Amino acid sequence: MSAAASSSQSRPAGLVMSSRNATVQGNNRGNNGAAGGSNKKMVIRPFKVQPKLPENFEDATWEVLRQAVVAVQSKTAVAISYEELYRAVENLCVHKMGARLYDRLRMECARHVAAVVGTLASGGVEGFMDPALFLAKVDDVWQDHCEHMLTIRNIFLYMDRSFVMQTSALQPIWDMGLTLFRLELAAQGRGLQRPGAAGGVQAAAAGAGEGGVAGNTGLDIKIVKGMLRVMERQRNGEAVNLALLRSLVRMLGSLGLYKPLFLRAFLEDTERYFAVEGTKKMESLDVVAFLLHVERRLGEAEESVVHYLEPGTRKALITAVESRLLAPHVTALIDKGLTPLMDAQRVEDVRRLYQLACRKPGGAEELKAAFNAYIRRRGGELVGDDAREKEMIEDLLAFKDKCDVILSEALGGRSNPACLAAMKDGFEFALNVRPSRPAELLAKFLDAKLKGEKGVSEGEMEGLLDRIMVLFRYVGSKDVFEAFYKKDLAKRLLLGRSASADLERSMVAKLKAECGATFTNKFEGMFKDMDLSRELMGNYAQFLGTTAAGEKAGGREGGREGGREVETSVHVLTTGYWPAYPSSDVVVPPVLEPHMARFSAYYTGKYQGRRLVWQHSLGTCVIKARFPLGTKELSVSFFQAIVLLCFNDGESPRVAFTDIKAATRIEDGELRRTLQSLACGKINQRVLQKEPKGKDVEDNDVFSLNAGFTHKLYRIKINTIQLKETVEENDKTHAEVHRDRQYQIDAAIVRIMKARKKLSHNLLLSELFGQLKFSVVPVDVKRRVESLIERDYLCRDDINPSVYNYGSRKLRILSAYSETCKSDDKEG
Amino acid sequence: MKVKIKRWHAVATWQWDVNDERCGICYTAFEACCPDCHIPGDDCPPVWGGCNHAFHMHCIMKWLNSQQNANKQTCPACRQKWEFRA
Numbered sequence: 001m002s003a004a005a006s007s008s009q010s011r012p013a014g015l016v017m018s019s020r021n022a023t024v025q026g027n028n029r030g031n032n033g034a035a036g037g038s039n040k041k042m043v044i045r046p047f048k049v050q051p052k053l054p055e056n057f058e059d060a061t062w063e064v065l066r067q068a069v070v071a072v073q074s075k076t077a078v079a080i081s082y083e084e085l086y087r088a089v090e091n092l093c094v095h096k097m098g099a100r101l102y103d104r105l106r107m108e109c110a111r112h113v114a115a116v117v118g119t120l121a122s123g124g125v126e127g128f129m130d131p132a133l134f135l136a137k138v139d140d141v142w143q144d145h146c147e148h149m150l151t152i153r154n155i156f157l158y159m160d161r162s163f164v165m166q167t168s169a170l171q172p173i174w175d176m177g178l179t180l181f182r183l184e185l186a187a188q189g190r191g192l193q194r195p196g197a198a199g200g201v202q203a204a205a206a207g208a209g210e211g212g213v214a215g216n217t218g219l220d221i222k223i224v225k226g227m228l229r230v231m232e233r234q235r236n237g238e239a240v241n242l243a244l245l246r247s248l249v250r251m252l253g254s255l256g257l258y259k260p261l262f263l264r265a266f267l268e269d270t271e272r273y274f275a276v277e278g279t280k281k282m283e284s285l286d287v288v289a290f291l292l293h294v295e296r297r298l299g300e301a302e303e304s305v306v307h308y309l310e311p312g313t314r315k316a317l318i319t320a321v322e323s324r325l326l327a328p329h330v331t332a333l334i335d336k337g338l339t340p341l342m343d344a345q346r347v348e349d350v351r352r353l354y355q356l357a358c359r360k361p362g363g364a365e366e367l368k369a370a371f372n373a374y375i376r377r378r379g380g381e382l383v384g385d386d387a388r389e390k391e392m393i394e395d396l397l398a399f400k401d402k403c404d405v406i407l408s409e410a411l412g413g414r415s416n417p418a419c420l421a422a423m424k425d426g427f428e429f430a431l432n433v434r435p436s437r438p439a440e441l442l443a444k445f446l447d448a449k450l451k452g453e454k455g456v457s458e459g460e461m462e463g464l465l466d467r468i469m470v471l472f473r474y475v476g477s478k479d480v481f482e483a484f485y486k487k488d489l490a491k492r493l494l495l496g497r498s499a500s501a502d503l504e505r506s507m508v509a510k511l512k513a514e515c516g517a518t519f520t521n522k523f524e525g526m527f528k529d530m531d532l533s534r535e536l537m538g539n540y541a542q543f544l545g546t547t548a549a550g551e552k553a554g555g556r557e558g559g560r561e562g563g564r565e566v567e568t569s570v571h572v573l574t575t576g577y578w579p580a581y582p583s584s585d586v587v588v589p590p591v592l593e594p595h596m597a598r599f600s601a602y603y604t605g606k607y608q609g610r611r612l613v614w615q616h617s618l619g620t621c622v623i624k625a626r627f628p629l630g631t632k633e634l635s636v637s638f639f640q641a642i643v644l645l646c647f648n649d650g651e652s653p654r655v656a657f658t659d660i661k662a663a664t665r666i667e668d669g670e671l672r673r674t675l676q677s678l679a680c681g682k683i684n685q686r687v688l689q690k691e692p693k694g695k696d697v698e699d700n701d702v703f704s705l706n707a708g709f710t711h712k713l714y715r716i717k718i719n720t721i722q723l724k725e726t727v728e729e730n731d732k733t734h735a736e737v738h739r740d741r742q743y744q745i746d747a748a749i750v751r752i753m754k755a756r757k758k759l760s761h762n763l764l765l766s767e768l769f770g771q772l773k774f775s776v777v778p779v780d781v782k783r784r785v786e787s788l789i790e791r792d793y794l795c796r797d798d799i800n801p802s803v804y805n806y807g808s809r810k811l812r813i814l815s816a817y818s819e820t821c822k823s824d825d826k827e828g
Numbered sequence: 001m002k003v004k005i006k007r008w009h010a011v012a013t014w015q016w017d018v019n020d021e022r023c024g025i026c027y028t029a030f031e032a033c034c035p036d037c038h039i040p041g042d043d044c045p046p047v048w049g050g051c052n053h054a055f056h057m058h059c060i061m062k063w064l065n066s067q068q069n070a071n072k073q074t075c076p077a078c079r080q081k082w083e084f085r086a
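First to last, the sequence lines map onto chains V and L.
Residue 635 in full-length UniProt numbering sits at position 635 of the first sequence; the count goes up by one each step and never skips.
Residue 73 in full-length UniProt numbering sits at position 73 of the second sequence; the count goes up by one each step and never skips.
Since the hints were made in silico from the structure, they are not lab data.
These numbers come from a predicted model, not from an experiment.
Keep in mind that the hints are not guaranteed to be accurate.
Ranges of calculated distance between the beta carbons of each label pair, as one might list FRET restraints [stated by the list, open to error]:
1) His738(V) x Glu83(L): 41 to 47 angstroms
2) Glu83(L) x Arg473(V): 51 to 57 angstroms
3) Asn52(L) x Cys821(V): 20 to 26 angstroms
Distance condition first, Cα-Cα at most 27 angstroms in a straight line; then the derived DSSO-like pairs of lysine-lysine [stated by the list, open to error]:
4) Lys75(V) x Lys41(V)
5) Lys491(V) x Lys6(L)
6) Lys402(V) x Lys454(V)
7) Lys6(L) x Lys624(V)
8) Lys52(V) x Lys96(V)
9) Lys4(L) x Lys717(V)
10) Lys682(V) x Lys81(L)
11) Lys632(V) x Lys2(L)
12) Lys732(V) x Lys693(V)
13) Lys682(V) x Lys454(V)
14) Lys693(V) x Lys2(L)
15) Lys4(L) x Lys624(V)
16) Lys773(V) x Lys478(V)
17) Lys717(V) x Lys695(V)
18) Lys4(L) x Lys491(V)
Glycine is no exception: its CB is placed at the ideal position from the N, C-alpha and C atoms.
Make a model of the complete structure from these sequences and hints.
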């Protein structure tokens, strides 16, 4: 029973009332039967007559629905409840009236859309109405349309889900609404413009001229144009309703018009706008302001994507801004901006310039090239400035630091190897603007630093050395550096001027790491000599101690003499390691002779096969001088000492220049310098007096001791002129370097010719430039080639004198002769 | 007035005590090294023969080793029998 009941109830939900009544009757009957005790079966009978729909069922129902639709569209209250409406739609669909219903609904919607959109077209004549207002109206209409369509769809949901879905040719209600709207936008614009205002006629004519592109003057185009106008206003700095734009963009998106209609127009408009703006701003703004402007524009573009555009547009939009606003001006920006920005060390702005330049294809390259050119120019100026040679290294270090900061902070640092290389190349060029001077100055700068400065800790010095090494890396003529560094290092070591042995060694270690062991083995040899000498002096002192004791025990006279011994210490140098010093043949004072002899004997006894050559120009002495006003200890050079010894006899002897020269046999120029240092130095250091007075020492000058010599200190160091860098010495060092280079050129030429056998002069030159690390003057090469020809390494070609052959002519003739002999033999 | 030297810091360079400036075999200076070495100094010393001719040790050793008759090793300069001078 219950099964019957449930089966009766499980009929489709859309049954009409009459059939339901039938089942209820059956039920009642069954119940009654049960109550009466009778055992009757419940029978279900079909209707005798098929239930019929009322005659005007469809039309009446539609009328109800239509009224509801109209009410929705006119925003008035709907008379009947949504549920009933829904049911009505359901009923119509169940009775297979969906197709007609859909058509009727579509017609209704079309009518409404046409009417509403029509108001837009008639209201908004292009060019006469504020686009913002027009757009607001469009948006209102759109919002209403959406709302209406939503409600209508809900009412007609049953149809949408069942009938429309099953019929593939039909669009769902929502889409149908959109299509209607779209078509109407396009059609309405055209239709209503023909009879419109004068401006409209022209536009229509233009549209007609374009033939098929009738949509040109359509309302949709108008909307897009209006949007573009509003966006332009926004770019010009006016406040605009972003929500409105967003809503309209969504509308276009929903209508499927965003890509085909809006996007291209939008991008074209953007490009046009920024192309004009770029040119204008370049004229009116300076580089920094322009960069800021571009950055702001890019930011705005990004923002506009966030605020109202479709996300997919981002790339195209940014590209449009970059290509129009920025790219055409990048070159000019770099040309105009980089130098002043770098000069002013404006890291931020340089970074901005770099980042923006990178947006242009090839822009990073341009900036790199400009960066390189800047370093070349500024660095070259620093190096080429004769007047500021003293500060050159300091300036270069500062400049390098500056560039480093820019590179790391603004140009991406290590992650930008191209710029790193550009900087390296720039500095290499700059430091070699002048062939050897920077190397020389670098060596001298190091010398000054390694002699020590007050208030500089060793850590700081280490840092400084590292920075200097960076510059050193760029210097081409490393041989010049080596020569000067060696000379200065020798002086520091021999005169004990070095501030710190650790720093000296660490510097050499750095050089070794940079240039290899061959470059520094002489320096290391110098350190080794110093250590060996110290050891040797220790042994020598022991040796002296034992012999002196022996002499004392023997009761010889020497014992008494021992008290007046001169303390002697000797640095023994290996010839090859140290710079070549001029040999001087001076008269050694008798007091020192036994010491010299004793040490020589000791040394040659200890090291077989060696010979000592005394380098008096490097010796120093401490002498005790009793002046009338007190006894002083003077720290002087060896030459100064032997000159002073000439004044030892008598109370106040006067000695002529020529006599001193004869007595000491010091080389003329050296002697003049020595006397100058003693008689014409600082006022409080003048041990001698000169007559007549004057700055330079002349042949007829006569010297006497300065009886009035006094000084507040007991120990005085007399400055020497000879130890200072003289022009002569400088030239000599350069000459040495030059000489060494000749050998290198020789070797390179022979190497090349041996490989090539035959080469023209120009080709030889270009190969040479590739092989030699220093810059070669062609004249030098010519001279070397001549010399090599003389020595039979090369010979000129018989036919073309500008071509060289490897090997001597004689040999070649000989070998040619023997060849012919052989062939003669064969023929014979 | 009396001047007296109290202390003396002298500087001297040492050279090989040879009569010739350069080695007769390789023709480079004794102060430099033989062609096989890179660093002059103690590692590449000269040696003297009984005839008082001096050569780089490396150079003369090469010469002596190249002579077939080990008993008749001669000085390349004067053809006297080669003996190392103590």
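A quick look at each hint next to the structure:
1. His738(V) x Glu83(L): 41 to 47 angstroms: 44 angstroms, holds
2. Glu83(L) x Arg473(V): 51 to 57 angstroms: Cβ of Glu83(L) to Cβ of Arg473(V): about 53 angstroms, so the range 51 to 57 angstroms holds.
3. Asn52(L) x Cys821(V): 20 to 26 angstroms: 46 angstroms, violated
4. Lys75(V) x Lys41(V): Not satisfied, since the Cα-Cα distance of roughly 57 angstroms exceeds 27 angstroms.
5. Lys491(V) x Lys6(L): It holds: about 22 angstroms lies between the C-alpha atoms, which stays within 27 angstroms.
6. Lys402(V) x Lys454(V): 26 angstroms, holds
7. Lys6(L) x Lys624(V): Since the Cα atoms of Lys6(L) and Lys624(V) sit roughly 6 angstroms apart, the hinted pair holds (cutoff 27 angstroms).
8. Lys52(V) x Lys96(V): Distance ~14 angstroms between Lys52(V) and Lys96(V) Cα, so the pair holds.
9. Lys4(L) x Lys717(V): 16 angstroms, holds
10. Lys682(V) x Lys81(L): Not satisfied, since the Cα-Cα distance of roughly 66 angstroms exceeds 27 angstroms.
11. Lys632(V) x Lys2(L): Roughly 11 angstroms separates the two Cα atoms, so the pair holds.
12. Lys732(V) x Lys693(V): 32 angstroms, violated
13. Lys682(V) x Lys454(V): Holds, at roughly 23 angstroms.
14. Lys693(V) x Lys2(L): 24 angstroms, holds
15. Lys4(L) x Lys624(V): Between Lys4(L) and Lys624(V) the Cα gap is close to 5 angstroms, so the pair holds against 27 angstroms.
16. Lys773(V) x Lys478(V): Within the cut-off at roughly 8 angstroms; holds.
17. Lys717(V) x Lys695(V): 21 angstroms, holds
18. Lys4(L) x Lys491(V): Holds: Lys4(L) and Lys491(V) sit about 26 angstroms apart, inside 27 angstroms.
Hint compliance for this structure: hints 3, 4, 10, 12 are not met, and every other hint is.
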